[in-house]
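Trainee: For the protein sequence lines, the chains are A and B, in the order given. Residue numbering for the first sequence follows this note's numbering, beginning at 1 and increasing consecutively. Residue numbering for the second sequence follows this note's numbering, beginning at 193 and increasing consecutively.
These are computed hints drawn from the structure, not numbers from a lab. The beta carbon of each residue, even a glycine, is placed where N, CA and C say it ideally should be. It cannot be assumed that every hint is accurate.
[What the hints assert, rightly or not] Short, incomplete list of chain B residues facing chain A, as computed with Cβ under 8 Å:
1) Leu194
2) Gly212
3) Ala249
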Amino acid sequence: MILTDWFTMPENFVYSAIGVTMLATAYRVVTTRNVVHAVLHLVAALAASAALFLLLGAEFVAWTVVLVYIGAVIVLFLFGIMITRAPLGVETELSHPRRIRIPAAIVSFALFLVIGSTMVGAFKDDVIEPAPQGTMEFGITRTADVGQSIFQRFVIPFEVVSVLLLAALIGAIVLARKDPTEEESEATGTMR
Amino acid sequence: MLINQFLLLGAALFSLGVYGVLTRKNAVLVLLSVELMLAAVNINLVAFDRYFVDTEAAGQVFALFVITVAAAEVGIGLAIVLLIFRVRKSANVDEFDLMKL
Numbered sequence: 001m002i003l004t005d006w007f008t009m010p011e012n013f014v015y016s017a018i019g020v021t022m023l024a025t026a027y028r029v030v031t032t033r034n035v036v037h038a039v040l041h042l043v044a045a046l047a048a049s050a051a052l053f054l055l056l057g058a059e060f061v062a063w064t065v066v067l068v069y070i071g072a073v074i075v076l077f078l079f080g081i082m083i084t085r086a087p088l089g090v091e092t093e094l095s096h097p098r099r100i101r102i103p104a105a106i107v108s109f110a111l112f113l114v115i116g117s118t119m120v121g122a123f124k125d126d127v128i129e130p131a132p133q134g135t136m137e138f139g140i141t142r143t144a145d146v147g148q149s150i151f152q153r154f155v156i157p158f159e160v161v162s163v164l165l166l167a168a169l170i171g172a173i174v175l176a177r178k179d180p181t182e183e184e185s186e187a188t189g190t191m192r
Numbered sequence: 193m194l195i196n197q198f199l200l201l202g203a204a205l206f207s208l209g210v211y212g213v214l215t216r217k218n219a220v221l222v223l224l225s226v227e228l229m230l231a232a233v234n235i236n237l238v239a240f241d242r243y244f245v246d247t248e249a250a251g252q253v254f255a256l257f258v259i260t261v262a263a264a265e266v267g268i269g270l271a272i273v274l275l276i277f278r279v280r281k282s283a284n285v286d287e288f289d290l291m292k293l
């Protein structure tokens with residue numbers, strides 16, 4: 001496919017805008033010197049990924065990203081920053097010094113080259129086709145189809161994930177609360 | 193739409209996440225970079241789902257599972273960071289060297 005043809009398609013224009021936004025904000029997440037700015041840039045990057053899912057016609061995944069990631073996980077991160085008293089202002093101590101940053105940049109760029117060259121070699125000019133008539137209309141996956149798939153074909157992984165969530169819930173409570181016996185001994189210690 | 197444009201964007205996002213994990217000192221920011229990597233994986237899953245025109249929407253279902261597991265991971269990860277912060281009075285990953293000889 002010729003590049004000028006690629007740019008004249010409106011969906012690719014939208015894709016370019018979303019992609020540039022996503023990469024710029026993701027870059028700020030890993031480089032900014034302000035902790036709260038890093039979290040807010042992550043919000044923008046995740047919103048861009050949700051827009052990308054909408055572009056691909058995966059509406060349920062897109063709104064789940066908005067609800068679970070932007071709604072819940074980001075709030076959790078902000079609480080984590082507050083509780084661990086991370087430096088809130090401009091701070092230079094958030095990243096490792098340059099002698100670690102440069103090899104890390106080389107490693108991650110090499111990783112990108114490896115993944116990218118493999119993908120380009122494997123899929124070349126393959127196009128995401130508009131979906132055929134049937135379960136999917138106009139390339140949009142209906143939420144009902146995703147739900148049927150979860151509760152028929154993937155019901156056992158679904159149950160396993162729900163047990164995992166319960167285990168994570170209990171684990172997080174056990175880890176984060178203060179040990180009651182320790183608290184008691186502290187209280188008696190201060191009284192004496 | 194080419195499939196490769198989504199895969200390359202996912203690869204770039206994943207590499208940025210790897211860079212963040214390798215360079216960040218603060219444990220909360222390391223977890224933040226891990227979230228970037230998981231978002232990249234989700235993009236790949238949904239793009240392949242559309243590419244193979246799967247009637248069972250398996251890629252999207254697995255993207256939903258990844259989102260769930262990521263939420264659990266953030267909860268546990270932040271609880272561990274909180275616990276270490278209470279004991280060591282610091283959230284810097286290079287100060288967690290209790291098991292070093």
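Trainee: Take the hints in turn and mark each one as holding or not.
Mentor: Do the hints match the structure? See the list:
1. Taken as an interface hint, Leu194/B checks out: its beta carbon lies about 6 Å from the nearest beta carbon of chain A, inside 8 Å.
2. With its C-beta approaching chain A no nearer than about 3 Å, Gly212/B sits inside the 8 Å limit, and its interface hint holds.
3. Evaluation of the Ala249/B hint against chain A yields a held restraint, the C-beta minimum of about 5 Å falling below 8 Å.
Checked against the numbered hints given earlier, this structure breaks none of them.
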